[in-house]
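Number of protein chains: 2
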Amino acid sequence: MSTRVHPGLLEAIRFNADGLVPAIAQQHGTGEVLMMAWMNRDAVVETLETGRVCYWSRSRGGPWRKGESSGQVQTLVELRLDCDGDTLLLLVDQKGVACHTGRRNCFYRAARDGELVTIAEVAIPPTELYGSGF
Amino acid sequence: MSTRVHPGLLEAIRFNADGLVPAIAQQHGTGEVLMMAWMNRDAVVETLETGRVCYWSRSRGGPWRKGESSGQVQTLVELRLDCDGDTLLLLVDQKGVACHTGRRNCFYRAARDGELVTIAEVAIPPTELYGSGF
Numbered sequence: 001m002s003t004r005v006h007p008g009l010l011e012a013i014r015f016n017a018d019g020l021v022p023a024i025a026q027q028h029g030t031g032e033v034l035m036m037a038w039m040n041r042d043a044v045v046e047t048l049e050t051g052r053v054c055y056w057s058r059s060r061g062g063p064w065r066k067g068e069s070s071g072q073v074q075t076l077v078e079l080r081l082d083c084d085g086d087t088l089l090l091l092v093d094q095k096g097v098a099c100h101t102g103r104r105n106c107f108y109r110a111a112r113d114g115e116l117v118t119i120a121e122v123a124i125p126p127t128e129l130y131g132s133g134f
Numbered sequence: 001m002s003t004r005v006h007p008g009l010l011e012a013i014r015f016n017a018d019g020l021v022p023a024i025a026q027q028h029g030t031g032e033v034l035m036m037a038w039m040n041r042d043a044v045v046e047t048l049e050t051g052r053v054c055y056w057s058r059s060r061g062g063p064w065r066k067g068e069s070s071g072q073v074q075t076l077v078e079l080r081l082d083c084d085g086d087t088l089l090l091l092v093d094q095k096g097v098a099c100h101t102g103r104r105n106c107f108y109r110a111a112r113d114g115e116l117v118t119i120a121e122v123a124i125p126p127t128e129l130y131g132s133g134f
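Chains as they are written, first to last, in our numbering: chain A, 1 to 134; chain B, 1 to 134.
No wet-lab data here; the hints were simulated from the structure.
Wrong hints could be hidden among the right ones.
[As the list claims (entries may be wrong)] Covered, in the sense of this in silico footprint (three residues per stretch, anywhere, with C-beta under 8 Å from a C-beta of chain A), are these stretches of chain B:
| no. | stretch |
| --- | --- |
| 1 | 63-71 |
| 2 | 79-93 |
| 3 | 123-130 |
[Stated by the list, open to error] Incomplete in silico selection of chain A near chain B, CB under 10 Å:
| no. | residue |
| --- | --- |
| 4 | A12 |
| 5 | P22 |
| 6 | L79 |
| 7 | D86 |
| 8 | H100 |
| 9 | N105 |
For clarity, every value in this text was computed on a predicted model and none was experimentally measured.
Beta carbons are placed, not taken as given, at the ideal position from N, Cα and C, and that holds for glycine.
Work the whole structure out from these sequences, hints included.
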């Protein structure tokens with residue numbers, strides 16, 4: 001995919017005071033919500049132009065090309081924008097696992113009877129994703 | 001539903017500097033992502049205790065009991081928390097439509113060939129949801 005991004009699309013996105021917009025990643029086809037992360041303007045453009053999902057890492061303060069170190073890349077299927085322009089929904093094809101814990105998605109803790117319980121197992125150990133230095 | 005919320009659950013949520021956490025609402029069963037909004041601590045507690053989804057309205061600066069004026073309530077099925085504790089996923093049963101535009105979900109604009117196009121029709125006119133004063 002190599003899409004030229006029209007200026008009107010970027011103007012419709014309401015980035016926050018830090019220049020960021022939240023982006024929900026959802027597995028295309030199954031509807032599984034994989035994760036939520038943040039994008040700046042450059043990350044949106046790169047994602048649309050390359051078809052590979054790139055976020056903005058708030059902790060590192062730089063672009064976060066999903067899967068760059070773990071190999072668990074996200075291929076963009078479609079980018080959607082909500083009614084007030086301040087949240088993105090990314091339909092993606094997730095290779096392997098989305099979560100750094102090695103689970104398929106990040107939402108593996110559920111409130112049951114008022115307490116958090118773990119509802120998903122690790123699919124790929126983090127040592128396999130990031131090496132033994134993890 | 002009337003669930004007593006254990007302190008450990010609230011301590012696991014990392015609210016931002018404004019005391020808020022983003023919450024993604026997903027239709028239980030179909031997987032449709034309906035909307036994203038924000039919750040403060042009280043909204044999380046009220047939602048878990050009552051089983052009716054309550055957000056925090058950043059524009060009004062007060063609790064936003066979803067459907068209070070429109071009748072389009074969200075019933076909580078399950079609340080989930082992500083790996084780093086800073087995003088909630090709410091599995092809900094959405095009555096009618098989630099979006100104030102009268103569409104089923106808020107993500108009705110999609111990037112196609114670099115431009116935004118509308119991909120969902122209005123299901124219930126806003127005048128029916130909010131009266132003719134809308």
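**Prompt:** Looking at the structure, which of the earlier hints fail to hold?
**Reply:** Violated hints: 1 and 3; rest satisfied.
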